[in-house]
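Q: Okay, here's what each chain looks like letter by letter:
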Amino acid sequence: MRLGLPAGDALPPMVDWPADLREAVGDAAWMVHGGREFDGRPLSPLDPEEIRQVARQIGQRGIRAVALSSVFAPVHAGDEEQAAAIIRQVLSDADITLSSEIGRMGLLERENAGVLNAALRPLAARTIRAFRRALEGRGVGARLYLTQNDGTLMKAEFAERYPVLTFASGPTNSMRGAAYLSGLRDGIVVDIGGTSTDVGALVQGFPREASAAVEVGGVRTNFRMPDIWSVALGGGTVLRADPPAVGPASVGRRITREALVFGGKTLTATDIAVAAGCARVGDQERVRHLPPDLVEAFVDRMHRMVEEAVDRMKTSAGPVPVILVGGGSILIHRPLRGVSRVVRPPHHEVANAVGAAIAQISGTVDRVYNLEEMSRSEALEHARREAVERAVAAGARRETVEVVDVEDVPLAYLPSNALRVRVKAVGELDLGAAR
Amino acid sequence: MEWLVTEADVDAIALGAGVLGTGGGGNPYLGRLHLLQHLRLGAAVRIIPADAVDDDALGCAVGGMGAPTVGIEKLPTKHQMVGAVRALEAHAGRPFSFLACGEIGGANSLQPLIAAAQTGLPVVDGDPMGRAFPELQMDTFMIGGVSPAPLSLRDAHGNTVVVTELVDAFWAERIGRAITIAMGGSAALGLPLLTGAQVKQHIIRGTYTLARRLGRAVLEADRRGLHPVESLLRESGGLLLFVGKVVDVDRRTTGGFARGSLRLEAVSHDLAGAPAAGARQPAGESPVSRAHEGSTGGRQCEIEFQNEFLIARVDGRVVATTPDLICIVDAETARPVGTEMLRYGLRLAVIGIGAPPQLKTPRALAVVGPRAFGYDLDFQPLAAAWPGTQPEVAG
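Protein chains in written order, with my numbering: chain W, 31 to 465; chain X, -13 to 381.
Same shape as in the complex, but just chain X (with noise of 0.2 Å):
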């Protein structure tokens, strides 16, 4: 189906973009203010099935690269994606009738939003990671063998660089990151040309409708006094792997990457701990702790990360791994944790939910599976169903 992107849904989308984000990805606090200035001034942001693009139709996904260091102090500008999105255009020598996103999870969910408000064209609803992945590899698009060239980068000046030939998607991500350092750290990334045939061939299909419904179900939730962490569980079909304090963050920042193990503990949830001005539930009523008794009901959790969260186990049994969703979010309120917020004493509640069936091929888990980041572990597929295209559970 068909939709238009309104305020209201830039909050939704960001907030399921974030939990979709597994932990990295990076905030879409900037690229949502972007966003709304455009909404605000009248521009129409149109979502569109997959299934409604022509086969021998022109687009291409539109990103953000950089540091993240780098994109808190140059705050982006207003032309750079549209930018980027030309000069694929114009090497391709045929007009673009649509955009795609290249990641759903964090910041980059936003991007072709942006892209679309400035030059009308409609974005597919979809993604080529259902989540967030560090590195451009790490896509259905590469892993179904689309080519990352000719790719595209613009800088806040205006320079403007397209790479025509690239070996495969590794070398895109070195060169692509050399040209971004180059331009003073962030740049507007276009990758990679689309036809129509390899949108529907390759796409995770509908992960802006999911993105808006789990943020709708916490926002709803929130207004109506529900918990936000069950409604979270019912619209993503996700199973609660854990409830529980940090009781020990361990950091090594290596090759570009936030590595490191998380460990949370069991806690009782009867404590009434509220801050002076917000009213919470009542002691021993929170449904997150009814269900956590139902659920794995471990003492212990450990998870590790880069940059996103890929191996969760609870008492030292493996209960999920990459590439099925490890979302990480606060206990009470159900907004996302990044693994950059990591720290002693926070409450969070531990959410698996299953990967994309893209994701989960043999091709796929070469790439994406655990064995990929270093873990000499098989992937252990979570009895939970992608909840991409299961129909709307909150009406």
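Just chain W, same shape as in the assembly (with noise of 0.2 Å):
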């Protein structure tokens, strides 16, 4: 239920979705009365009557999962929250996503996330449950934590209430990994796999976001997602010799079968890596008769690979430094280009596990106020306050939740004082309460 009637009306929500998906989800959409102006005024009034007609029709047709959007709402989020607590009058056992507390500006795609949102809350809830019964088949009395995109933990339930922020987490696990195990906050982390590469930014500790929409399925959204760059290179790439061609096929993990060095019949980076004479793994006889020049070539192509992946990641041209881990960090052994160091920190093949083990828990707030009806730092105050109860709603505890990052930016183009605040505060894992 998206509220801005009479703005928008030519392009209904899920309108760029993918056929098959939306009715998938049901295609359900209204639109009502509501939202506001960028200076928060209010578009038009919200009608109770209407959204409970349109709450109605929902319990009719037996939907419970409900998003609800709302024009400007990263500027003024209450019309959302007012629905919400409207549509729960009619429907007690509704399950209510709002857009404002996922996405940023940009309605279609903040609308967007939140129906994903919305849609994918039921399948959280089973995956979550089944993830507690085989802890409890293997006797394990602990607390479930799932680790989300920002490489910071979350309470299962929590996770069970915003699914798409588990999206892309494994990348970032890698990087909160690598800061923890290099002491490293800021640089560039490569992580190589068995098929693929992944690079990210570290910034204060935590991976970059990206800034611009992400498609997730062919929908367009813009929650928040770690700014990875991947390349086809990994452990288990497949190396072609006439033309020399790398990937992006990968045996993957039919590697200790595939692999010359295992006794298999496929070329592979690993085999390379070893006969150059760099990695201990396999049989070194195996990859003996490979041509020098050909070992050479290709090592030269897989630095170049991972120099302009790192490139890529890089906010300015200057020299930075670059944390290698993951099993397949074995094929860089040498100096990198536009690269100050290389640090392959020790346990760097699990830093995955390092980190969503070191267990820190994120609380963030990305929305614009308008400093007509308060003052610059009482925006900024009033940011970081509810940062802070965000993390502690994760499962923080309170007396160690800092803030990490505040930026704050006005809004271009337009006359009013809007000013849009981002604020991340990050805690350690409540352990107490878990008891």
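Honestly, the hints are just simulated from the structure, not real lab data.
There's no promise every hint is true.
Sample of chain W residues at the chain X side, in silico, Cβ under 8 Å [what the hints assert, rightly or not]:
| # | residue |
| --- | --- |
| 1 | A37 |
| 2 | A40 |
| 3 | L41 |
| 4 | V45 |
| 5 | D46 |
| 6 | W47 |
| 7 | L51 |
| 8 | E67 |
| 9 | P72 |
| 10 | L76 |
| 11 | F102 |
| 12 | L138 |
| 13 | D341 |
| 14 | K344 |
| 15 | S346 |
Some chain X residues flagged as far from chain W (calculated, every beta-carbon gap over 10 Å) [said to hold, decoys possible]:
| # | residue |
| --- | --- |
| 16 | W(-11) |
| 17 | A38 |
| 18 | K64 |
| 19 | T150 |
| 20 | R160 |
| 21 | E206 |
Quick look at which bits of chain X chain W covers, simulated, 3 or more residues with Cβ under 8 Å [unchecked claim]:
| # | region |
| --- | --- |
| 22 | 56 to 62 |
| 23 | 118 to 131 |
| 24 | 137 to 149 |
| 25 | 327 to 333 |
Cβ coordinates follow ideal geometry from the N, Cα and C atoms, glycine included.
Two chains, two frames, a set of hints: combine them into the complex.
A: Given below as structure tokens:
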């Protein structure tokens, strides 16, 4: 349900979804009055009776998962909250996602993220139940947390409410683990696995976020996602000698059967690392026949692929430190251009698990304040408090929560004093509350 | 030649209009969705040549005005464009028989097509810029002396304003902006009111066909496994000024304009840093790298922008100046890159396309030449002809 009529009626919710996905989520969308102008003035008055009518239709169709969006909700989220309360009067068991809790400026993308989240909640609940059963089955009496895509953890209950926050959390775990193991807070993390290399930037110990719209299954969204560049290079990447080509195919987990050094018949990136004398896995004799100039050409090529990927993630031309992690990192053993130093921390092959185990909890706020209602410092303070509260709600111990990042940008092209504020707070996992 | 806009044409026009946007003009994404909605419901959008319009026929150009931040929250409203058109028509007191485009570069290319889908009026194949420019006075209608009054503005609620008298296009810009802010930061704009004779005298002909041609060239290259940048160069008759990597972006937002400069450095093109999901051309076989060797061969490229790309230098030498089109596209996909998307590390191709002759007259250069944007430079025409009137290259 979108609040914002009469504006935007030409493009109803989910208008840019692939048809099959739209059908899969029920293709049920309504537009009602409400929403705000850029300066926080009402766009049109919210009509409780109109919302109740739609709520009754939602109930009649047997729908429980509801996504609410509202024009300029990042400036003023009150309309979504008020509408949610009205819907609950009619449908007491409605499961409601607010767009303002998930996305940023850009109604269609924020709304899409909200709909995805609402639609995924039942799956998230099922998945988490299954995790719990698996733990119980093995007699593990610990509390369950899930990793989210800013590299921190959230309570399982929280993950049930915000499943979209788990998207792409794999690479971010590795990045947090790399920061922890190396002691570096800023740099580029190169995580080389069996099939691909994920490259991301660490900023003050946390993965940098993507700034542009991100497509998820063909749906444009704008919620928080890590800025990751992936290259088809991993330990199992298949190499072709004539003409020389690297990937993109990979033998993946079959490497221990198919790579030459393990007695297989496929030339892989790992075989080259062994032939070059910089990795000791499998049987070195089985790659002795490879011509040295071919080995050299592939070694050079793989280093240049990583160099280019690192370069894409840099924000300026100066050299930066690179933290090399993952089982496939044996492929890289020479200095890299544009890189001040390469750090290969101990236990780097399990950086991903380490990243999850250091157990930090975050809370973030990204919203627009109207400076005609409050001063800049009041706005910043409000956002800081809210970020701390969100971290605590997600499972952080209050006394350990620190604000790690504050950014405020005035919105361009508009005469009013609209200020966009982003705050991130991080604290330690509250294990005390677990018992 | 007259043609009907198909769904595939919408994608091609949006892409081609993005290239002609020369870094500005806004993203046609939302307009594209809106137009497709109409076409799927069976609306017909007819593009007619300027010479098919009677001298005494009446119509207007139509587009959007406002802040991009507002446009992405207050999405398009059904009756806004058509309301702005009808308001001017009522003021003129005579039925319209055509619509026109105010700016082919970027988002405003699709707005007249949406109004056409709603009114059934044909759209003239052409526009008064052949590209994108930031202000109302920078078009061949205004340069040619067509009055900016009356103009109409309509908001999402249906509030409609007709400004009946305006001293000149600068006032139209100033007053139009003020009304747009009062309307919540975005409005549909009808401007200017045109006779068929004025259209024929001033419009840059064939720019819808050109946008479609450029878009098709890129989309077709995707399908046939050709290099899209190479196809775009061939279809546009443009010059490849530079291929390189962004090493610095310097932005200054002043006076509502996104001003700044961009620095690119040449990179060797034999790297295979392909994303995991996509297959790409193998090392060293990129036609663009070959073409590059034969082009300027420079090491460094610097580009000045103010919403649009305006001046290009290679190794310190000026190689392209406004109003010639400096189009920047992704070096691999040929998708247009706007000034707001620029960041360190992007691999870009800089293409120079010759401006339409109407923008190169002394009178036009006073409004759209380098000095009009504050650069102490004379216009230095590219050795490339405006492709708008050339026959289609790809079959």
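Q: With a cut-off of 8 Å, does the beta carbon of W:W47 approach a beta carbon of chain X closely enough for the hint to hold?
A: Cβ of W:W47 sits 11 Å from chain X, so the hint is violated.
Q: Under the criterion of a CB-CB separation shorter than 8 Å, is W:F102 in contact with chain X as hinted?
A: holds (5 Å)
Q: If you count the residues of the region 327 to 333 of chain X with a beta-carbon closer than 8 Å to a beta-carbon of chain W, do you get 3 or more?
A: Result for this restraint: holds, n = 4.
Q: Find the nearest Cβ of chain W to the Cβ of X:R160 and say whether that gap is larger than 10 Å.
A: holds (13 Å)
Q: Classify the label on X:K64 as holds or violated, using whether its beta-carbon is more than 10 Å from each beta-carbon of chain W.
A: violated (5 Å)
Q: Examine the region 56 to 62 of chain X for residues whose CB is less than 8 Å from any CB of chain W, and state whether their number is three or more.
A: holds (count 6)
Q: Please check whether the beta-carbon of X:A38 is more than 10 Å away from every beta-carbon in chain W.
A: holds (29 Å)
Q: Please verify that hint: W:D341, Cβ, nearest Cβ of chain X, below 8 Å or not.
A: Nearest chain X Cβ about 6 Å off; hint holds.
Q: Are W:A40 and chain X close enough, Cβ to Cβ, to be under 8 Å, as the hint says?
A: holds (4 Å)
Q: According to the definition I'm using, a residue is off the interface if its beta carbon is farther than 10 Å from all beta carbons of the partner; does X:E206 meet that for chain W?
A: holds (22 Å)
Q: Is the interface hint satisfied for W:V45? The criterion is a beta-carbon contact with chain X at less than 8 Å.
A: holds (6 Å)
Q: For the hint on W:A37, does the least C-beta distance to chain X fall short of 8 Å?
A: holds (4 Å)
Taken one by one, the earlier hints fail for this structure at numbers 6, 7, 9, 10, 18 and 23, listed in ascending order.
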